[in-house]
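Trainee: These protein sequence lines map, in sequence, to chains A and B.
Residue numbering for the first sequence is 1 to 596, as defined by the UniProt record's numbering.
Residue numbering for the second sequence is 1 to 596, as defined by the UniProt record's numbering.
One should not assume that every hint holds.
These stretches of chain A come out as covered by chain B in the derived footprint (C-beta under 8 Å, 3 or more residues) [what the hints assert, rightly or not]:
| hint | stretch |
| --- | --- |
| 1 | 154-168 |
| 2 | 258-265 |
| 3 | 320-333 |
Think about it this way: if two alpha-carbon atoms lie no more than 30 Å apart in a straight line, the pair counts; the simulated DSBU-like pairs of lysine-lysine are [said to hold, decoys possible]:
| hint | chain 1 | residue 1 | chain 2 | residue 2 |
| --- | --- | --- | --- | --- |
| 4 | A | Lys68 | B | Lys284 |
| 5 | B | Lys376 | B | Lys148 |
| 6 | B | Lys284 | B | Lys148 |
| 7 | B | Lys336 | A | Lys284 |
| 8 | B | Lys376 | B | Lys542 |
| 9 | B | Lys573 | A | Lys573 |
| 10 | B | Lys68 | A | Lys257 |
No lab work stands behind these hints: they were computed from the structure.
From the three backbone atoms N, C-alpha and C, an ideal C-beta is built for every residue, glycine too.
2 protein chains.
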Amino acid sequence: MADYQAPLRDIRFVLNEVFDAPTLWASLPKVAENVDPETADAILEEAGKIAGGVLAPLNREADEQGCKWNEGEVSTPEGFREAYQTIVEGGWNGLGGNPEFGGMGMPKTLVAQFEEMIQGANMAFGLAPMLTAGACLALDAHGSQALKEKYLPNLYPGTWSGAMDLTEPHAGTDLGIIRTRAEPNDDGSYNVTGTKIFITWGEHDMAENIIHLVLAKLPDAPKGPKGISLFLVPKFLVNEDGSLGERNTLACGSIEKKMGIKASATCVMNFDGARGWLVGEPNKGLAAMFTMMNYERLGVGIQGIGAAEASLQSAREYALERLQSRAPTGVQEQDKAADPIIVHPDVRRMLLTMKGYVEGGRAFSTYVAQWLDVAKYAEDDERRQHGEAMVALLTPVAKAFLTDRGLDACVIGQQVFGGHGFIREWGQEQLVRDVRITQIYEGANGIQALDLMGRKVVANGGRFFELFAEDVGAFIEANQNDAALRPYLEPLAASLERLADVTESVVEASAENPNEVGAASVDYLDLFGLTALAYMWARIVKAAAPKAEGDTSGFYSGKLKTARFYFDRMLPKTVSLAEGIRSGSASMMALTAEEF
Amino acid sequence: MADYQAPLRDIRFVLNEVFDAPTLWASLPKVAENVDPETADAILEEAGKIAGGVLAPLNREADEQGCKWNEGEVSTPEGFREAYQTIVEGGWNGLGGNPEFGGMGMPKTLVAQFEEMIQGANMAFGLAPMLTAGACLALDAHGSQALKEKYLPNLYPGTWSGAMDLTEPHAGTDLGIIRTRAEPNDDGSYNVTGTKIFITWGEHDMAENIIHLVLAKLPDAPKGPKGISLFLVPKFLVNEDGSLGERNTLACGSIEKKMGIKASATCVMNFDGARGWLVGEPNKGLAAMFTMMNYERLGVGIQGIGAAEASLQSAREYALERLQSRAPTGVQEQDKAADPIIVHPDVRRMLLTMKGYVEGGRAFSTYVAQWLDVAKYAEDDERRQHGEAMVALLTPVAKAFLTDRGLDACVIGQQVFGGHGFIREWGQEQLVRDVRITQIYEGANGIQALDLMGRKVVANGGRFFELFAEDVGAFIEANQNDAALRPYLEPLAASLERLADVTESVVEASAENPNEVGAASVDYLDLFGLTALAYMWARIVKAAAPKAEGDTSGFYSGKLKTARFYFDRMLPKTVSLAEGIRSGSASMMALTAEEF
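With the rest of the complex left out, here is chain A (with noise of 0.2 Å):
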């Protein structure tokens, strides 16, 4: 098993070729005054340090170890509480948090290389700082003045970390019936009362504190979605002067066994009165919530890069190295008892696959990340707001279609092992069943493709689908005359036109009856992020050419050919999803209960 190194190279690559990141960076005044290209550089040198020398060389002990609960004190693996450490002294937790209380402003599209990197490494660990992040931002759009002041402060650094309080054991996907109830003191904060399961990070023993933000609902709430409210619970209460206080009426009840991200602890948290602060607004607790969705599922989609990134480097060198029968067109390595596998079609075939998603989806990844910040950052109204509308867009293709494919290539990569591939020394299926729950947290994957085309197409008539139209008709436009590009515009531009045609017809369709954005969005969803991916990959080729020629390295030529491949191989799966979709939703709907 290859160690994980953070793949520089391709982020770079991706970052300042591909995008041009710092263009936009500079087009965006809040953003250039916190990074210039020679402070973003640093800092990916620095985090690819962090990921490939210290989160990376503990990910396979820590997988053994697991988590220990005990009397609701949660231990940590070895290593991990150091490791935290050296998150904390970096700051890596306010990368790209408000500069007001501590943040480095950072952008997203530096953030998710970052992200990228320290997932890669070790997702378990990962998920700490992704949390606190992700509290942070909440906190930060929602909280009052004086709960910014005294959290954030201690939040981006990571002395306190975050968590995030949603799921209860019969409410998941359906908030609205969710059972935790918040009374509230005559001083203004509330006592909160209820369980809540599958709290990442809910307790460790890395943090001084740990600082739970829970949905639950006031008394006289509404019933449903719209009454619920958003809490700030600490661990322990935090004195006027910023010092610790007394332990807060909460603990952690159990912690799952699960079948990955073992060194991780998933939470049963019981809050008994536990003292509380309103975040935001009454009854807009789900609101603010979605806040940071945005962020987080992109930061989830992410994972599954991170993912298939590691099994690649891994399946790459195993097959570079591997000797094991002849190559198709005979012996390669005579002095050998069998030539290294990667002589193979089929493995070529393994290997291809994997790098057509993970560097396409990490062009992805970067290029949702760029509308974010311009969402967030942009000064002027009307930018801003598209970059809202193909936020809102993008995410849910970013979250679920780069971590089903985040599954799909770790698998491809534990095959490349053959046997091994099962053996847990090797550390591939450890991949594999670490990326699986990036399918379903953070809203299940096909709640993302609901999400997608029931809020974000059906919904506004397909509008903010016409833009990404736009942006992707706009590149075909303009590259017309690029020699490079041309065997790319053509097939770019059908799956473009096959994605508008099934997105009108759904538009349509589900007009008359509404179990057709639910029978299309799965298969709408994987065929919307083979077209943006195939753009991604047009959008490298445009990146990659002028320099491939007396590239020595095999970079830009090996980004040229697995383009082709992707183009060849993986991109005609649009064709039959496009078919499948067309059928509608009368062959599902068709059973009984007792038919199934």
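Assemble the complex: chain A is given as a structure, and chain B must be docked to it using the hints.
Mentor: Frame of chain A; chain B shown alone:
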């Protein structure tokens, strides 16, 4: 998590109604003397009780406990020894065995159903009878009369178990380079020395003796696959009177820590001059091994169906019971806080996709088993050879397609559970971890695809494929006037034609370029599998349609509606696969090692 129950209704439907197996059995005199419909039915009933009542209840806890290695001894999880005794008492290992030595002589069409139930209930355990039956098959086909008399009467009941020792650390797919050697002794025995890895149930505490079939090289054997011989090496030497003698010099060096099937022991076996006996002719060990491979490979495909059936049972129950959100068309269960999630089109899509693979796959494995019975038992030479050709062609499809779709189905079943799918106590994640190995062992699925495309299709210029195409074509032709079938015949014919076109083009292209075989192979196998399952679904419709009217159970109408879904939503994938294959090997072979 629903407890696994043997799907006897579905199994009987496929066996008796879709395929009319009793008529096949009656046409094969050697089968007819051992089985009649009543006996077969009683066997199914009893197998179902063992699967659901004995093996399934052990499955979860055994996964937690795993096997334990101590000083060369392997102890099995709680309950396994007793369960194994149940298998011994029923003589189940010998269900398909040669009656001359104590086997029951049952046809594979029946044995396949037993296998599905055992594997669906408890795959880790199910490997023990599976490996023993496989060893018996090789021994019965190739061993001397003396070896058969000495070992088979103890292997069929399972008093002794069997193991297959092929892989070495440096030699998996490429058995031609194994290093284990066998030195002849004066008494006709051999001393076998070497290390084997990944030996399923190579050591354990459930049987009195373990009989290893070991691939090794004789002194001065030719290099490569034509210099491999097969040896029988018992754990305990067997005295002339059949009693157990001294311990042979072989030992289990360790057991692997694995992703799944943790309750089975995967052993490193060290042979240190262990006494063994040649099975079959010198240097023809690989051929002897391949005799049983067709049986074993179908058995592995059946493991894929078994796991997927178990996942489907749980997912269906969960979807009917889990209350979450409301139906897109409005509230369905007014008196409850939410509707059961089965109201959602996307949840139905998930369940129907699982059903499409599981029920279509069960029919397909039974179809292949029919050909195995013809190949083994037909007295007419031409009929037997026809059977052999069909078995050769269809076996890699059954092994790889059913296990690839087995993983797909289990991943979907896990997804239906949302967050609970990732938690161990719910059982869905174990099925994913367990079924994953079926894509790898007994010839990784990429190797199955090469076997199909290379040896079974290209090598005979598509002659075997023609036999399959004729069978499907005859069915289409014969049913032109069946009103229920008519909507399916055209897409089935189109899919078959697509497959035939691709077959022809790959046969042609590979004459010029050997890489075309491996470039097409995996997609070709998928295309083949989807088409074969379409054929199966058409046959299911044929059997179910006349009974659907007036059927209040929903059984037959459910089959018809699932067929509709399969043709609407699953079969279209063939279009994309064909398009991908047509692009050929160029984009795979273009990259240098550095460019990956």
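Trainee: Hint by hint, note whether the structure agrees.
Mentor: Tested hints:
no.	hint	in the structure
1	154-168	violated (count 1)
2	258-265	holds (count 3)
3	320-333	holds (count 6)
4	Lys68(A) to Lys284(B)	54 Å, violated
5	Lys376(B) to Lys148(B)	19 Å, holds
6	Lys284(B) to Lys148(B)	18 Å, holds
7	Lys336(B) to Lys284(A)	25 Å, holds
8	Lys376(B) to Lys542(B)	28 Å, holds
9	Lys573(B) to Lys573(A)	7 Å, holds
10	Lys68(B) to Lys257(A)	21 Å, holds
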